[in-house]
Amino acid sequence: MVRGKDSSSAEVHFIGQIVSGSGFSDSQLFCRWSIQTGGAWHHVEGLKEGQTHADCPQLGQAAIWCHPVDVHYTIKGITGWPKLVVQVYSLDGFGRFDICGYGFCNLPSSPGAHSIDCVIWRPTGSLRDEFRQQFVGGGPQLRDPQLVYTSLDRYRIQTTAMGTVHVQISVILRNFARYGIEY
Amino acid sequence: MEGSWKVFIMAAAAAAAGGVPSQQCFLLSVTGQVESARLAGADQLYCRYQLHGGPDWDIVTGLEEGISQVSRPSQDARQLLVWNLPVEVSYKATNPYGWPQLIVSCYGPDLFGNDVIRGYGVSHLPTAAGAHRVTLPLFVPESTSQLQKLVSWFTGRRPELADASSLATGDGRDVMRVRSQGYVTCSFQVVTKDLQRLGYDNGRRAPAGAAGGDLQPAGGGDGRPG
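In the order they appear, the protein sequences are chains A and B.
In terms of numbering that gives the first Met the number 0, the first sequence is residues 0 to 182.
In terms of numbering that gives the first Met the number 0, the second sequence is residues 0 to 225.
The hints are simulated quantities; they were obtained by calculation from the structure and are not laboratory data.
Be a bit skeptical, because a hint or two may be false.
To be verified - If you anchor each label on the Cβ, the simulated ranges turn out as follows: (1) B:VAL174 to A:SER26: 13 to 21 angstroms; (2) B:ASP42 to A:TYR178: 53 to 61 angstroms; (3) A:ARG95 to B:GLN43: 33 to 41 angstroms; (4) B:GLN78 to A:GLU48: 38 to 46 angstroms; (5) A:ALA160 to B:LEU26: 41 to 49 angstroms; (6) A:GLU48 to B:PHE111: 38 to 46 angstroms; (7) A:TYR178 to B:GLN74: 55 to 63 angstroms; (8) B:PHE111 to A:ASP91: 43 to 51 angstroms; (9) B:ASP170 to A:ASP97: 22 to 30 angstroms; (10) A:GLY22 to B:LEU146: 29 to 37 angstroms; (11) B:LEU197 to A:THR78: 22 to 30 angstroms; (12) A:GLY22 to B:PHE111: 54 to 62 angstroms.
The structure presented is a predicted model; accordingly, all values stated were derived computationally and were not measured.
C-beta atoms are modelled at their ideal positions from N, C-alpha and C, and glycine is treated no differently.
Make a model of the complete structure from these sequences and hints.
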């Protein structure tokens, strides 16, 4: 069993799924996800990042991923609560993939089951870039992916809204009351 | 005299069950069923369920796998395929990491009568005690090229996962292409023991919403009142 020997530290479990993505104009979508935390969070076990399969929905529904997320952290402070950062890509018939959008959401800080909608946006270029992207593909991408979950330098870019990624996460907290953490 | 025999048997069972002192374990008991499915174009369907838990989880009672009967869709507008397949299992665990997941695989005959995979669905068992209704959207792996798709249609050997429980780990998904259609509805009654005594707080509240974006379960999520 991989865990700290001190069983009285404050621990957090995030157990759930990246369920689906809806509202995108492309079909054959997949999602790259990662969990970003502050310095006070120590990752114990579970995958912090991953990539879903590429789904082509029939009947025009949401793209179904149902990708499991199961992460275990111990914390030394309450700052830096984790964020789930997603990048949605679309796959075309030739096997090429193109960025469909970026987004992040804050993981819940209260115990129990939660349903979260993560809004997705895509950077846009000039009119010429948009025209080219329509026919050839390959639109503007973020040079620094950290921009997705930080607020620095956001004023430099122009974006347009894409669809939504639906996430279901259950949160289990341990020993929070012992350390006087209110939630 | 009878009481001492009971204590002896329980102690022997605990010792045989792995040697972890029971005061560090919590129990999860799930009584549920794979109720029904809706899948357009499916004439007959049977399902197989598997439960997959992490390394710190042990099954105390119950079956890890099961296969249902073959079901035909109803004749009304619902077009529902009903299995009513019981899923009853109790786990003993030391760590919520690796919370068990239910993996459902639906099979049915194709045009030539071969048994082919029609969809996989995967979901965690509910993490809080109470009554829960879970909707599992179904997806099925796709062939990588049109030629392979044609060949598999003729020979009846559709692409399928070698081990469906690999869906629970999330590994290797990035090389899969799937198409999704339909969903399976399951209901669970969950009871936990000693989670709170070990310091865990799982909310014990009803799920806040439904599964999927455009898919809504047939009934609302139930749970104990907040």
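- Message: Tell me the numbers of any earlier hints that the structure contravenes, in ascending order.
- Response: Per hint list: 8 and 12 violated.
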